[in-house]
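A.B. asks: What follows is each chain in one-letter form.
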Amino acid sequence: MSSPFHNLQELRHSASLANKVFIQRDYTDGTVCKFQTKFPSELDSRIERTLFEDTVKTLNNYYAEAEKIGGQSYLEGCLACLTVYLIFLCIETRYEKVLKKISRYIQEQNEKVYAPRGLLITDPIERGMRVIEISVYEDRGSSGSSSGSSTTSSSGR
Amino acid sequence: MSAVMITRKVTRKWEKLPGKNTFCCDGRVMMARQKGVFYLTLFLIVGTCSLFFAFECPYLAVHLSPAIPVFAVLLFVFVVAMLLRTSFSDPGVLPRALPEEANFIEMEIEAANGNVMAGQRPPPRIKNVQINNQIVKLKYCYTCKIFRPPRASHCSICDNCVDRFDHHCPWVGNCVGKRNYRYFYLFTLSLSLLTIYIFAFNIVHVVLREYRNIFEHVVSLTPHCTVLEVLVCFFTLWSVVGLTGFHTYLISLNQTTNEDIKGSWSGKNRVQNPYSHKNFIKNCCEVLCGPTYPSVLDRRGVMLEDSTRPTPSDASAASTYKSTNPVSQTTKSSAPLIPNEHTPEEAKPSIGAGTQKSTSSPKEEKPPSPTSPNAVAPAVIKESAH
Chain A
1 MSSPFHNLQE LRHSASLANK VFIQRDYTDG TVCKFQTKFP SELDSRIERT
51 LFEDTVKTLN NYYAEAEKIG GQSYLEGCLA CLTVYLIFLC IETRYEKVLK
101 KISRYIQEQN EKVYAPRGLL ITDPIERGMR VIEISVYEDR GSSGSSSGSS
151 TTSSSGR
Chain B
1 MSAVMITRKV TRKWEKLPGK NTFCCDGRVM MARQKGVFYL TLFLIVGTCS
51 LFFAFECPYL AVHLSPAIPV FAVLLFVFVV AMLLRTSFSD PGVLPRALPE
101 EANFIEMEIE AANGNVMAGQ RPPPRIKNVQ INNQIVKLKY CYTCKIFRPP
151 RASHCSICDN CVDRFDHHCP WVGNCVGKRN YRYFYLFTLS LSLLTIYIFA
201 FNIVHVVLRE YRNIFEHVVS LTPHCTVLEV LVCFFTLWSV VGLTGFHTYL
251 ISLNQTTNED IKGSWSGKNR VQNPYSHKNF IKNCCEVLCG PTYPSVLDRR
301 GVMLEDSTRP TPSDASAAST YKSTNPVSQT TKSSAPLIPN EHTPEEAKPS
351 IGAGTQKSTS SPKEEKPPSP TSPNAVAPAV IKESAH
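Chain order of the listed sequences is A and B.
Reading the first sequence from the start, the letters are residues 1 to 157 in full-length UniProt numbering.
Reading the second sequence from the start, the letters are residues 1 to 386 in full-length UniProt numbering.
One or more of the hints may lead you astray.
Simulated crosslink set (DSS-like; lysine-lysine; CA at most 27 Å straight-line) [claimed, not checked]:
(1) B/Lys278 - A/Lys68
(2) A/Lys68 - A/Lys100
(3) B/Lys282 - A/Lys34
(4) B/Lys35 - A/Lys34
(5) A/Lys112 - A/Lys57
(6) B/Lys282 - A/Lys38
(7) A/Lys100 - B/Lys16
Under 7 Å between C-beta atoms, here's a sample of chain A residues computed to sit facing chain B [as the list claims (entries may be wrong)]:
(8) Cys33
(9) Thr58
(10) Glu67
(11) Gly70
(12) Ser73
(13) Gly77
(14) Met129
Pulled from the structure, derived: some chain B residues nowhere near chain A, Cβ distances all over 10 Å [what the hints assert, rightly or not]:
(15) Val77
(16) Arg85
(17) Glu101
(18) Gln130
(19) Asn132
(20) Val136
(21) Arg151
(22) Trp171
(23) Thr248
(24) Tyr249
(25) Tyr275
(26) Thr292
Note that these hints are calculated values from the structure, not bench results.
Where is the CB? At the ideal position from N, CA and C, for every residue including glycine.
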């Protein structure tokens, strides 16, 4: 289904949120931040599999770069310890620098790839680095699909 | 007609965070609710060191070396800095799931569980993941409505899930988790050194004074302060040095106190620790020199007040993109495995209200699903029905 959206502004003003898809974390390599590249079926008709996988793999690479334990992280750790961690008042940590890169990347992907298809990615940092939230928008003019969500709460502890 | 601008104080996200933390300095400082023991710790450290600087240091600087008080000052500053850093920082709190995410997970769970017969207990909510060829169970947190990441645990005192949860320390007035573990360790290590230092130089001071008294045939009593300091240091020594030793042991094995107490990785039939590099140096480096993780709780972010905007429908799409406030629209059921219609619910915006409302929402009967419980093809959950 091709979407009539061309940019983010149109998306915000003429679309209504239909659905949200959550890409979960992939813990097979331990506690490093990595997301599953499995293509969710809800996006089948909205975006090509390769584009989606590219986005997630690039994000995973960014996070791996941020969490890499090597010479630079040791240097940063030792220098910070010697200055009683006051140095972080002046300079940014490597992780923070990478997070900014990630934020720019997501914005760029939203503008170029996702918004034209009626989708929007939320930066994982806004969801506690637990999920990549992809909002699926539908044109307001089109017949709305049945909206509703289950409220079955947990059946007790 | 001009809108009347009501100038109100900007609401920051920390004011609406669920959990039992207290915040100071407009969200910059984050601590547990009970801070009494923390004040005691601070008082003991500052008090003992003040006595040391006031009474011992002049004597030792003159009769031994001026480097002694200088080093003591540096050590004292380091100890207090590490204590404050541990106490005031976010330990690695995982924010609670917003309503849409919570619903998504619920539907995944139900899809995996299939039909539960009336009267039967539903199976426990556990996900199995394979980490470094070991099977690790991820538990579901009913308060935060998430499957806890590996090594995370829910602190009942702070009412938060904390990543790489070590323990809740009343002495620092905060949880010890992924983000502040190294500061906690450096605090205990430097406090041990400071205690040993003060203890040693108190003894030296007493010995020197008594020697001088004997030499000069003078009678004078050892000052009360020295005795007090020696007592405090003696009792502190046993506890703090022991604690430092224990944490050094944990770091060398890349374990947390929580895992050690629960015996997660010990015992023959248990899983081996999948996070350990099996190398003492590598484990230490990862824990102490690893990257400095950012806080995922945007404490000082400004809350967008959706209620003050004139057109909620336009604002909703924008706010979904920008902030963490969910849209006040119903969401379509997203699990492809449950084809039934679900009753719509109004998901109210704002983080705190959202989670509390979802926990207090009444149970609704779901119509029986005609699909077989085996239709779990894309399901992530590998169910263990024990």
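A.B. asks: Against each hint, give a clear statement of whether it holds in the structure.
C.D. replies: Status of the hints after comparison with the structure:
no., hint, result
1, B/Lys278 - A/Lys68, "18 Å, holds"
2, A/Lys68 - A/Lys100, "17 Å, holds"
3, B/Lys282 - A/Lys34, "21 Å, holds"
4, B/Lys35 - A/Lys34, "36 Å, violated"
5, A/Lys112 - A/Lys57, "17 Å, holds"
6, B/Lys282 - A/Lys38, "32 Å, violated"
7, A/Lys100 - B/Lys16, "25 Å, holds"
8, Cys33, "9 Å, violated"
9, Thr58, "19 Å, violated"
10, Glu67, "5 Å, holds"
11, Gly70, "10 Å, violated"
12, Ser73, "5 Å, holds"
13, Gly77, "4 Å, holds"
14, Met129, "5 Å, holds"
15, Val77, "7 Å, violated"
16, Arg85, "6 Å, violated"
17, Glu101, "6 Å, violated"
18, Gln130, "6 Å, violated"
19, Asn132, "7 Å, violated"
20, Val136, "7 Å, violated"
21, Arg151, "6 Å, violated"
22, Trp171, "20 Å, holds"
23, Thr248, "16 Å, holds"
24, Tyr249, "21 Å, holds"
25, Tyr275, "6 Å, violated"
26, Thr292, "5 Å, violated"
Violated hints for the displayed structure, listed by number in ascending order: 4, 6, 8, 9, 11, 15, 16, 17, 18, 19, 20, 21, 25, 26.
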